[in-house]
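*Asks:* For reference, the chains in residue letters:
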Amino acid sequence: MKILHTSDWHLGQSFFGYDRCSEGADMMRQLAVIVADERPDALVVAGDVFHNAMPSNEASRTYVAGVLALHEALPSMPIVIIAGNHDSAARLAAYGELWRLAGVTIAASRREAMVPVPAGGGMIVPIAYQHPGALPEVATAAIAAARRAAGACAPVVAVAHQGIVGADYTGHYRQPFLADSLSLAEAGLDGADYVALGHIHRPQPVAGTGNRARYCGSPLPVHFDEAGHYTHSVDIVEIAEAGAAPVIHTVPISPAVPLLTVPDVPVTLDEALIALEALPADAPCYVRLNVAVKGQWLPGDAKERAIEVAARVTDDNGVVVKRFCEFAITRDEATRADASAVTADVEELSRMEPLEAAERYLRHKGMEPLSDDERGIFEAIQNTAIN
Amino acid sequence: MKILKVDIHNLASITDATIDFTTGRLAEDPLVLISGPTGAGKTTVLDAICLALYGRTPRLSGERWPERIDLDNDNNIAITSLVSIARRTTCEARATLTFEANDGERYEAQWSIRRTRPRGASSGKWQRAAQSLIRVATGEELAGDDARARVIGLVGMDYDQFIRTTMLAQGEFTSFLKCKADEKASMLERIIGAERFAAASVAIFNIYKTAEQQRDNIKLEWKTLDEQCLKEDKITEINALIAEGTAKIAALTARYESLDAVIKWIDDKAAIKRESDELTARLDVALQERYRRCADEKARLDAELAAGDTEAALSGKLRAATEAVARYREVINELNVKFTALDLTGRQRRRRDNDRRRNALNILLTTIATIGVKRQHAAELAARAADARTAADAATAVLPASETAARQAAEALRAGQDILDKQELSVKQTTRELRASLVVGEMCPVCGQTVERLIGEEQFTSILAPMRERVSLLREAYLKAEAAQRAAIAEAKRLGQEAVKARAQADNAGTEVTNLEKKNANDAAALRVEAAEAAITAAIAAVDEENREIDAKIEEAGTLQRQLSAQTAKLDELRNVERVCADDLAKLRRRLEIQSIVTQSLAAIVGLMPAWGSHNPMAAVAVDAERLNAAVRQLQVDVSGATAAITATRRRLEAHLAAKPVEVADDTEIAVLREQSARAKAEVGELQKEQGALQQSLKNNDDVRRDRDAAATRLERAQSNLERYARLNSCFGSSDGKKLKTIALGFILGDLLHRANHYLRQFDDHYELCNEPGSLTIMLRDRQLGNVQGVSTNLSGGESFMVSLALALALAQAGNNVITADTLFIDEGFGTLSDDALCNVIDTLETLRQIGGRRVVLISHIAALRDRITARIDISDGKVVTGD
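Going line by line, the protein sequences match chains C and D.
Going by my numbering, the first residue of the first sequence is number 3, and it counts up by one from there.
Going by my numbering, the first residue of the second sequence is number 134, and it counts up by one from there.
Bear in mind the hints are in silico, worked out from the structure with no lab data behind them.
Cβ coordinates follow ideal geometry from the N, Cα and C atoms, glycine included.
Be a bit skeptical, because a hint or two may be false.
[Said to hold, decoys possible] Only pairs whose alpha carbons sit at most 30 Å apart, straight line, appear in this in silico DSS-like list of lysine-lysine:
(1) D/LYS626 with D/LYS613
(2) C/LYS367 with D/LYS613
(3) D/LYS313 with C/LYS367
[As the list claims (entries may be wrong)] Covered by chain D, according to a simulated footprint, are these stretches of chain C (three or more residues, beta-carbon under 8 Å):
(4) 49-58
(5) 125-136
(6) 242-252
(7) 276-286
(8) 319-332
(9) 349-356
(10) 377-386
Next comes chain D alone, as it looks inside the complex:
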């Protein structure tokens, strides 16, 4: 944007002033000087420009117009209030800037304030400042915030940027030089955003912190576990306790074991004694009872045996029975032989065969008769067939005649019809004419006959009538003949058919007969007889005779059989008797045997139990010898078993007593011993529990130690993981992202300083500006020696000025936004420069217009500048004079 004109009304020391930058030397010269005595209002020009555009001015520390000041008079206005810029005792103040904006149009920006009361009364309250923007070409006007916003758009800069690039206000432009790193950072960030660096820095910090946290957690874990671990001496102590306990347990165990042994011995002794007594009791009571019963039964047995048949008697009976049996056997054998000789079955078979043969022969006979009949029948049929044939032949022979007759009749009919037709024709009209033309003696064109006479119409018709009659007669005859022929044909056919049928029948019958004859012949052959009636009859008779013989023999056999069965029955009876005898004998023998056995057994028992021998048996009710035998046997076994057991038990008792432990005194109370043993056991139990606890604690310790060691490994790993990030974090990590952001901004700053050095070199070529990598502190460095001569905060006034100017010029270039005003205002500061330095600065500023298109307006009271710079704005006594 181009600054064209500034109008000032009642600001600070200036009553009214217009500075036109578009004419005269102010327009042409690259350097313009605003000079004047101190307090004349030189800086007010700058204030006016700032107020007109933005409603703020750097001199009043950029404070915006406060809401409303409730003041009665000027004395209570705040020092930094904008109101103070208004000239005392006035009631209105105004600053107007005419400029050409980036769109090429002219605008007028204005700031004004006034008191409430009308002009003249200088004690009203100051109202809020008004801001306006007018587009000169069209006159359209914006006000207030709209105006301010539009100004920013047109100028391309907001207040801060404008100040930074266009106004180097008194004492202010060293601010960048001297400000803290944070402020520098925020300023640099306005040139370029550095968010992603900050984000990366924060991310690194977070990763590191997380890793650190993890490591610390694991460390805490480890520490806790470590504290829980038992110390060495404690472990030793525990082991000692365990050993001690074990020894005690062993001793106690031995003690109670020995006690238990004694107790057991005593218990066993008692048990054995008890057993022995028991057995003895059983023997005495139960077994003895059984013995008694058996003895009783034996007695009875003896009695029974004495009462029954003796053995010898029974033997005799048996012998007799056996002999009888043998006798009968012999008889039966004889009968059998006879019977066999008769061959009953064979004869019976023969008889059956004969019956069969007889039947077959009878059949043959009948068949022959049948054949005769059939033959006769067949002959009849043949005769009939021959007749039929004859008739058929006769009928057929007649046929041709009738055919001929029919034919002839047809011919006649046809001829007659022909003639009739012709005659008819000649009657017709046409032929009438023709007829008319006929001449006798010529040939008739129709019938081809010579015309003999010409006949009149009436004659023709009468001729036709008989002709027609004749034709009809002929027709009748024809029909009749035809019918006759047809009938003849039919008849012939019928007869033919009949003949054929009759023939067939005859043939069938003949065939049947032949078949029967054949069959018969076969059958006869099979029967070995001629197929003749006589032979067959003879054969039948033979058969009958044989049958009679057989029957007789069969009867004989029957008789024998009856005899045989009677004998056999007898035999069986005898055998039964034999058997019974044998049985009885055997039984007796057995009983006797048992008797002896039982006697022996009982004797043996008594041998074992002599006390029982004195039993007098009573007679039992009934005796089952076998059962008795079994019972006695069992009893014997039981008794011997029982006595053996008793003996064994007694022996055991003796052995047991022999093995008596030493400690047992006869008066030893088992209850006391038991108590002692129980006590010892309990004690052992207690001790074992203690042992268990101790062991457990050792085991737990092992677990804890294992965990702790695991934790130690994890700690190591966490630590090394942490160290991965350590360097990154220390170099680049920060919780607010500052570190990396500062590094990035440091590059920008370096670039800025590089540019500033270009300018600075012109001012004073001994120094250059630099910053440490990663730092935003600006330092001055000897161009040749490289040593840092001063930090920017420690520069002299003149050095500060030069450096700040160089920075300001560089800052104005920095960033992609190269929009600047066409004028650079520098307010004071030149007084700090020595002659040479001043000369260099002015030389440089002069050339700014050539290279950057910027004109420089200096505000200074320095006389040397007045000499040097020809385009001047002099301000004094509230007036402004421009010119040489």
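Next up, chain C with everything else stripped away, as it sits in the complex:
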């Protein structure tokens, strides 16, 4: 069985105020080309189709057009789409019946039917995004049922949207809050011959499983840190039969408007602006300026200047070519260390003497520190207060 495994389209993402629907459409077009080329037996989309629970109409339109294009690229190919954590499952499933007419199965609830793959002779088990507490039961039951139904040698492919222990979150936006909670076995997913996972945007196999469980990654970089570190792609997965090791090869996707961090190493603001200026004027891109800052902050007008520099180049439609988004700030060690002393947690404060509080205060106001005489006065007060 040959499967095209993709996920995390994040359609309808509003990126620093810029709408990315056209890029999404471009990505879908590329997908359609790949489908036409590879002619997979099935296509699975492992969640996070939309960027948020209420996608804009534009995003919906892109979605519909894109999926239909996929279908038309290979009408016999079943398409399975599951809801991810960013999606509104109910919304995805709202037109489920309609999609069925196009061979698209939308899996958005707990109990979904498995999808047989006629061409490959295997079974696809769609498991929509669950809370980790509910997942194992659902997954195990679904995969077991699929096994029974598929027979002994038919490969079973589970499609799920989950963070698995050991995954590499490099560049992922908001890392600390994406907590790994389950191993494959704990998630109940280890019964399948291949687990097509979504949720993590870097293409990677799950550690310790060989290629049997894999994240295909997002086809487009969702954030600046994802671009430039790894290529974005979709997977073509071939499983001979039940129990066989899947064979993977990736097909890269190129973003219509790349996410650039300029320059590669942190430089001063002025140098960064020069680099911005130096970017080619004909290639649209999203720009993040890599700036090294002395002290805590950039100059107050940094943003305006960057926007102004970027705005110097517009395309025929008057749209700015270089779309400035934000700064990546690198602060020097000393500044970083110093910042922490402005606060004190409860533990610290319960131990702190008034003298210390005063000295810290003066330091951070940038005022003259206490003279010896003043310190003496303070200490005397402290001692009498204690006694």
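Assemble the complex: chain C is given as a structure, and chain D must be docked to it using the hints.
*Replies:* For chain D alone, coordinates are given in the frame of chain C:
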């Protein structure tokens, strides 16, 4: 604590509802949505939980049940009264919460109110709300305040803490964001006390204020003193016045001094004149009187001298007396010579020696006689001693004989006794037997004699009797002999002793005699005479004769002596006469001398006082020439003295007059002058007083100035002392301790914001929260540019929501008390968020369960959330439906 089940009865829009969080999706999913149309009662669920636990609800601004409402109908109930939560037209309402407390046990907390009238009549008065707490396992129940107190203990939080950490009520959770610094401070203080900071701040303030007060006091002091100081021009004025015064004084002084001089001159003139008159008077009166007396006396003296012996006559007498004296002297001298030749004393001495010698010789004589007697006596004693000796020797010679006799007697006695004993023995019984065995011709074992015959018993005893007799006779003889011996011994002894005594006596006497003889011999030698009677007698006779001679001479001497004394007496008499004459002569001479002197002196006096020369002396009663002489002398001295004094005085007067001051006119009245002088003096006195006052004022001014300058120094010091504290005070001092407390709390707030920023970053990564050091104002700051985008009071709705949520999540963590409920309720607010923001918030809230174990229950009507969140509680038409 874990929230398990909520039962609601007749609260607001809900008739009856039970929400069980322990089953189904409500138990499993991290996010639960309470949705429903507006006014359906979504918030009522939260109200029910709060009421059940604490009897309060945030919606009704936390008001506790008032004492008792005297109401007739519902219309008069206060809007915020808890009664209003009860559903209209019902007579009872109830909220029950089943929860698992921190001790692991299940409890049921319930709040209920009812009207007084029984069910059905909906117009009774609402009674006070009842609160109860039941421990499910045992059924034990607490009520009212006990229940509330226990709830706080079990849950670990009081109402405010619960609200803060568990319920983010509609519109309320921005309160922390928007509230004033004071309220923030009090809230933060509940997390950690900051008393010591406040105390330190107050202490600094007090120190500063004290120092300031001190400085102000000193400043006031200085000012007062400064005002008291005189100005320069015034000083100059005073000095001028002083100078003026001095000049005036000088002028006046000169004037009165000159006046005084004149006055003095006039006074002196008068005085001198007076003196002169006085002296003259004295001279005239007293001295003249004395003169008269003296003159009288002199006259008398003259008379006396004329009447007495002349000098020549007296001289003749004297001469005669002297010659007689010389004659007698010669006679006496002759007698003396004779007398001396007799050597009376020598002879007398010799006579005495002779007497002594005579005595001694007599003694010698007697001694010789005594010696003879004694010698005789001694011879007698010697003879006696010899006799005694002889007797003693004889007695001693007899001794051995008696001794022998005694001995022999003893021996005999012994032998006899022996034999007797033996015989006795042989009589005894035992020997009787032995005797029985005796055979004639054998030896007797007892006495050793051959047995000649055997004697019968009767014979033995009769033999014994004479033996015994004999023994007793022997014994008598022995005793006698012994006695004789003893007597002999005693006698011999006695005689011996006597002999010795006699001998001793004899010896003594002999010795005595010898001594006497020796002594006598010595004495005689001393007297240069033989120790023989004849010689001694002769010597005595010689002595007697010499004595006779001496006596004769002594008598002669006596006669001479008598003569001598008669002559001497005569001589003395004559000498007396001589002396008297001499005396008289001398006296006369003296008087004559005096007479001449007195005459001269009187003449001299008269020379001085010719007026007196005409005195005719009268005869005085008696004249003592010497006294007269002395008197006249004195008088002369006095007179010359007096006249000299008078002369001197007159001269002085002349000189004085010569020195007359110019101003004095003859008609000058001294009284006027005096008056003028006095006036001038008085004026000077006045002026001087004024001067004194002026000087004093200058001096006072100096003092004041000195004090003022001292005060200025102290002021400087106080000022610099104050400045020591100034900066501390401005930075940290406050009368209520707020400054430093706020700084300390600012640290806490910073920590809180730091934590909140973690959450906020997930929601919107452009901003972060911050506060200025020492301030409790929360500000939003661009994460990259650092410029403050807004103060927390100026945020948009959505920003407010996100920030408040982040803060609420951080607050729930803050403090050492990490006891929270397992559920976080968030009531509305999501409507203010844009899609992306909402997405981010929901994502974050979902993960709360994973990291903190807290489930989130949202109350919202937003459709997007309905899509997103599968575990839902739908409330509508007073009913609650849970599920997908």
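*Asks:* Look at each hint and say if it fits the structure.
*Replies:* Right, here's what the structure says about each hint:
For the given pair, D/LYS626 sits about 20 Å from D/LYS613 by alpha-carbon distance, which is consistent with the 30 Å threshold. A C-alpha spacing of about 158 Å is found between C/LYS367 and D/LYS613, which places the hinted pair above 30 Å, so the restraint is violated. This hinted pair checks out: D/LYS313 and C/LYS367 have alpha carbons roughly 22 Å apart, not beyond 30 Å. Only residues whose C-beta sits within less than 8 Å of a C-beta in chain D count toward coverage, and the region 49-58 of chain C has 4 of them, enough to reach three; the restraint holds.
Here's how the region 125-136 of chain C fares: 4 of its residues keep a CB closer than 8 Å to some CB of chain D, so the rule of at least three is met and the hint holds. Under a criterion of three residues with beta carbons nearer than 8 Å to beta carbons of chain D, the stated coverage of the region 242-252 of chain C fails, only 0 such residues being counted. With a cut-off of 8 Å between beta carbons, the region 276-286 of chain C has 0 residues touching chain D; three or more are needed, and the interface restraint is violated. A stretch counts as covered by a chain when three or more of its residues have a beta carbon under 8 Å from one of that chain; for the region 319-332 of chain C and chain D the count is 3, and the coverage holds.
With 7 residues bearing a CB less than 8 Å from a CB of chain D, the region 349-356 of chain C meets the requirement of three and the coverage assertion stands. Taking a C-beta to C-beta cut-off of 8 Å, the region 377-386 of chain C contributes 5 residues in contact with chain D, enough for the three needed, and the coverage statement holds.
Hints 2, 6, 7, counting from the list given before, are not met by this structure.
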